[in-house]
Amino acid sequence: MDGGKFFGAFRASSGITDAVVLNHVPVGCNWGAGMFKSFSNQSDIRNACTVMHEREIVFGGEESLREALIRADRLYDAPLILVVAGDVPCIIGDDIEAVIGSVSLKKDVIWMEAAGFRGSMRSGYEDALINLVPVMEQCDQAANSVNFIGFCPDDFKVEADLREIKRLMMDSGVAVNSVISNCSYEELKMAPAAELNVVIGQGTELAKQMKDKFGIPYIEVGYPYGLRGSRDLIDAVSDHMGLGRDLDREIDLQPFEKIYLYLNDIYGTPTSVVGDFHAKSMAEFLCRELGFEIEVLSTLDDDYNFEEEVKNSNSAILFGTSFEQDLAKEMRIPLVRFSYPIFDQVWIYDDAPYAGLRGAVCLTETILNTVMGFEDKLSDLELRA
Amino acid sequence: MQISLEMRDTPLDDTDELREIFRDHTLTGIFQTATWQYHRYCINCKLSGSVYAASEIEGAVPIIHGPSGCAFHQRLTPMRLYAPVYKLPCTNLDENDVIYGGESKLRDKVLEVYRRYKPSLILLLPTCVSGLIGDDISGISQDLKAQLPCSIIPIASEGFAHRSRESLDGLMQESAKSWKTSRAPDYEIRGCGQEEVMVSLVEQLMEEQDVVDKQVNIESFGRFRYGSQVDLREIKRIFNEIGIGINTTLLNCTVDDIKRAPAAELNIITRNRKAGKLMNTKFGTGYFRKWASHYGLDGIEKFFVEVGSKLGLEGEAEEIIQREKRQAMEELERYRKTFSKFEFAVSAQGFFFTPYIASIYARDLRLPLKYFCVSTQLLRSMNTSEKTIKMMIDNMQDVFDDWDFGFETVVNPSLDEMAEMAKGVDYLLSDRITPLIYGNRMMDVSAVSHLLFRTSFSGIVEFSRYLARNLHNGISEPSGDLILSKFHYDQLNYPIIEDPRCSASREMWSDMWSLGSAGGD
Chain A
1 MDGGKFFGAF RASSGITDAV VLNHVPVGCN WGAGMFKSFS NQSDIRNACT
51 VMHEREIVFG GEESLREALI RADRLYDAPL ILVVAGDVPC IIGDDIEAVI
101 GSVSLKKDVI WMEAAGFRGS MRSGYEDALI NLVPVMEQCD QAANSVNFIG
151 FCPDDFKVEA DLREIKRLMM DSGVAVNSVI SNCSYEELKM APAAELNVVI
201 GQGTELAKQM KDKFGIPYIE VGYPYGLRGS RDLIDAVSDH MGLGRDLDRE
251 IDLQPFEKIY LYLNDIYGTP TSVVGDFHAK SMAEFLCREL GFEIEVLSTL
301 DDDYNFEEEV KNSNSAILFG TSFEQDLAKE MRIPLVRFSY PIFDQVWIYD
351 DAPYAGLRGA VCLTETILNT VMGFEDKLSD LELRA
Chain B
386 MQISLEMRDT PLDDTDELRE IFRDHTLTGI FQTATWQYHR YCINCKLSGS
436 VYAASEIEGA VPIIHGPSGC AFHQRLTPMR LYAPVYKLPC TNLDENDVIY
486 GGESKLRDKV LEVYRRYKPS LILLLPTCVS GLIGDDISGI SQDLKAQLPC
536 SIIPIASEGF AHRSRESLDG LMQESAKSWK TSRAPDYEIR GCGQEEVMVS
586 LVEQLMEEQD VVDKQVNIES FGRFRYGSQV DLREIKRIFN EIGIGINTTL
636 LNCTVDDIKR APAAELNIIT RNRKAGKLMN TKFGTGYFRK WASHYGLDGI
686 EKFFVEVGSK LGLEGEAEEI IQREKRQAME ELERYRKTFS KFEFAVSAQG
736 FFFTPYIASI YARDLRLPLK YFCVSTQLLR SMNTSEKTIK MMIDNMQDVF
786 DDWDFGFETV VNPSLDEMAE MAKGVDYLLS DRITPLIYGN RMMDVSAVSH
836 LLFRTSFSGI VEFSRYLARN LHNGISEPSG DLILSKFHYD QLNYPIIEDP
886 RCSASREMWS DMWSLGSAGG D
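Protein chains in written order, with the numbering used here: chain A, 1 to 385; chain B, 386 to 906.
In short, the hints are calculated from the structure, not lab data.
The structure displayed is predicted, hence computed values, not measured ones.
Don't take each hint at face value.
Stated by the list, open to error - DSS-like cross-link-like pairs, simulated, lysine-lysine; straight-line CA separation at most 25 angstroms:
hint: 1; chain 1: B; residue 1: K775; chain 2: B; residue 2: K565
hint: 2; chain 1: B; residue 1: K687; chain 2: B; residue 2: K662
hint: 3; chain 1: B; residue 1: K494; chain 2: A; residue 2: K311
hint: 4; chain 1: B; residue 1: K503; chain 2: B; residue 2: K599
hint: 5; chain 1: A; residue 1: K311; chain 2: A; residue 2: K329
hint: 6; chain 1: B; residue 1: K667; chain 2: B; residue 2: K687
hint: 7; chain 1: B; residue 1: K662; chain 2: A; residue 2: K311
hint: 8; chain 1: B; residue 1: K695; chain 2: B; residue 2: K662
hint: 9; chain 1: A; residue 1: K329; chain 2: B; residue 2: K687
hint: 10; chain 1: A; residue 1: K107; chain 2: A; residue 2: K166
hint: 11; chain 1: A; residue 1: K208; chain 2: A; residue 2: K189
hint: 12; chain 1: B; residue 1: K565; chain 2: B; residue 2: K621
hint: 13; chain 1: B; residue 1: K808; chain 2: B; residue 2: K710
hint: 14; chain 1: A; residue 1: K329; chain 2: B; residue 2: K472
hint: 15; chain 1: A; residue 1: K311; chain 2: B; residue 2: K675
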């Protein structure tokens, strides 16, 4: 099920880590988007809403927005207010731009229309990023530097993955300029200093606009899961910059050797993978590097109902979001969570990534532990006995 | 929705009971503080209350009539973050539907849901979008009822029609008045989604029945909560002894059970008064409101005797309940002797039940109480006005004076004051209104204090047993090494961490809720 345009816009906006996200919505939308984000960081609450009530439906929500802007400007120590307008103001026709223009504020304000009914979570993300282009500044280019585009602050293991990706880049002689959207307002403004935009999964429209406006080329790569995924990322960036780095020589197989017999046993495991754009890269890792058979792959881009296909498959492990727990339970198979939304696991250790070379080890460890510790396997055997 | 948890029919022994409480506290309670904390920044959608209520009904499937984003996040309804409503069909309204209407999508979705799940009941839950574009949801449900062998009911669950701050303020004031009269407040406020489901079921699903004497319905949300199920089982056991039968437990029941609800002579309601009154008007079913005054030894007795009285079983109820109470008192007497050796301070959240909790500690457990600490944090987090909070505190103190409790009431103690109080007593029983105080004899009772909110004597006895055992064995004091104690907390809004972003968001919510709710009921 898709989270809709509002969720995508909220996630992209809240990725500007020192900005306030002011949702022009009734209470429930603000609760939902904020609650889902809070699973990633309970002490980073920077969102507020205009509390649209029946009164606003009748008389319009412009006054509430005006009041909220004045308060947000006063209360928050933040350089930027991002106004995300949801379904209700878009239907009743609030003139948001006029409201913003009518108040004198110390902070910068960017707004976007993000009615949930007007698109997917992905489209909300893309549109929100495009809205940020006007604040980007033409600046001197830093040699051998890249921006990464496609991240959200509430992606599973995002901080750990970025740390690993940055390490891989640094070892290749490449500096990471900005991560969009998981950076400060200042870093966002300085994004045009990068030599190259690397789009991972989403954010292509932003990369295109940055190419047009600032002349920054871009490449699109998969999420760097696994040894091969890591190499693909490094190769793509190195090739573009003419750096040349043979990652294969640096791969440490020792951790895998410790469990090579288990790897032998899970080879050929039929598996289904569901999630956002991460799913395709995950499936590639599982297939290419662990030898899993991918039975069903769903990237949730449309209303595709994957559940029946998964149920009708031979899948013995399911990779997905927290919302797949029920399906996994019904099929009596383990679930490995890796894609947004994840609300029944935490990810607080920033040295345990799923991405990159180190991520390949952590991910393999997680998969094996999930399989070996799966509580239902013995009861299943008892049932058959 | 279709998930049914098996209730354990066999009684639990003491060890089982406590183990189950801690198990439940650990496995499902893990989300509790996060949920409450997030309530200090905003409130959830009315739709989520309706989804939660629908999820209690076995054989019912709710359909969200709105954009996919509504269903996406409502699957995680705050009442049960530990058990998402995984299957939540949605009409996925898009821009086309906003312009031309979403009625055909709703029709198609209802037919699809019926084909797929064969439910006994489909609940149609409109969202802000379908509410604004004016889809004729009632008309569609009428049309489809003729085509499908299941009930189809629309629920008023549009998110923008939530309750207002003023209405909550009024409810709190009425609650404070009720402490003095022991009569449940009769103050109507707009529902938060659950009540809308209840009312719609009364209006559209329940059927005229031959009334069965001495049968009651019990309002009991909590299919997914251990504590609710145990409480319900105890009430049923005592009712059974009195000669009162349970017709059904609303909404923790099947669709057919709801249809047959009017067969009961009496409804025992807690929060959904509108539905109770409506059943009374429509079917003549009597209603009795269970309220905070029905906690504690005397309150529990009162509850069973009053219900018995309503059903002409006053004598039987008195006999049974006196026996039960006597047994409980005998057990309690043993623990009271242990308690009498110590001096205590107690901290509790300031809310509907606070005077009655004080009464349980002081009268039922006979705890030598030196201090009773009350926090108004929760009230403030719900933006209760200062005037109302003052009235609540004043009324509470009046009640304490009338009841002749000798303890000192301390309102909103600071962490230092709590520490000082703890030094002046043997034990501080804490419901976690402030950060954990280490180096003192603080006993965290937050996991087991809900035993005191049960409508049976066994909860109070069980709590006493737990407390006595801890006093006997000694407790491990919260240590200064606790990671939890290394954070700085917002002094007014524990457990919000001290962080300017969090504080600003909290203040934003407070301001905007006050401002935005002025048009509510």
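Verification of the hints:
Between the alpha carbons of B:K775 and B:K565 the distance comes to roughly 15 angstroms, so the proposed pair stays at or under 25 angstroms and holds. Annotation: proposed proximity of B:K687 to B:K662 holds, straight-line Cα distance about 22 angstroms (limit 25 angstroms). Distance restraint check for B:K494 and A:K311: the Cα-Cα separation of roughly 22 angstroms lies within the 25 angstroms cut-off, and the hinted pair is therefore satisfied. With a C-alpha separation of about 34 angstroms, the suggested pairing of B:K503 with B:K599 is violated against the 25 angstroms cut-off.
Between A:K311 and A:K329 the alpha-carbon distance is near 11 angstroms, which keeps this suggested pair within the 25 angstroms criterion. Of the supplied pair hints, the one linking B:K667 and B:K687 is violated, its CA atoms being roughly 28 angstroms apart against a limit of 25 angstroms. In summary, the hint linking B:K662 to A:K311 is not supported, as the alpha carbons are separated by about 46 angstroms, beyond the 25 angstroms threshold. Distance restraint check for B:K695 and B:K662: the Cα-Cα separation of roughly 16 angstroms lies within the 25 angstroms cut-off, and the hinted pair is therefore satisfied.
Our distance criterion of 25 angstroms between C-alpha atoms is broken by A:K329 and B:K687, whose separation comes to about 45 angstroms. As the CA atoms of A:K107 and A:K166 are separated by approximately 31 angstroms, the hinted pair breaks the 25 angstroms bound. A C-alpha spacing of about 17 angstroms is found between A:K208 and A:K189, which places the hinted pair at or below 25 angstroms, so the restraint holds. The hinted pair formed by B:K565 and B:K621 fails the criterion: a straight-line CA distance of about 30 angstroms is larger than 25 angstroms.
Taking the CA atoms of B:K808 and B:K710, the gap is about 35 angstroms. The hint is violated against a cut of 25 angstroms. Of the pairs offered as hints, the one joining A:K329 and B:K472 holds, with about 13 angstroms between alpha carbons and a cut-off of 25 angstroms not exceeded. Pair hint A:K311 plus B:K675 does not hold up; C-alpha atoms about 46 angstroms apart against a cutoff of 25 angstroms.
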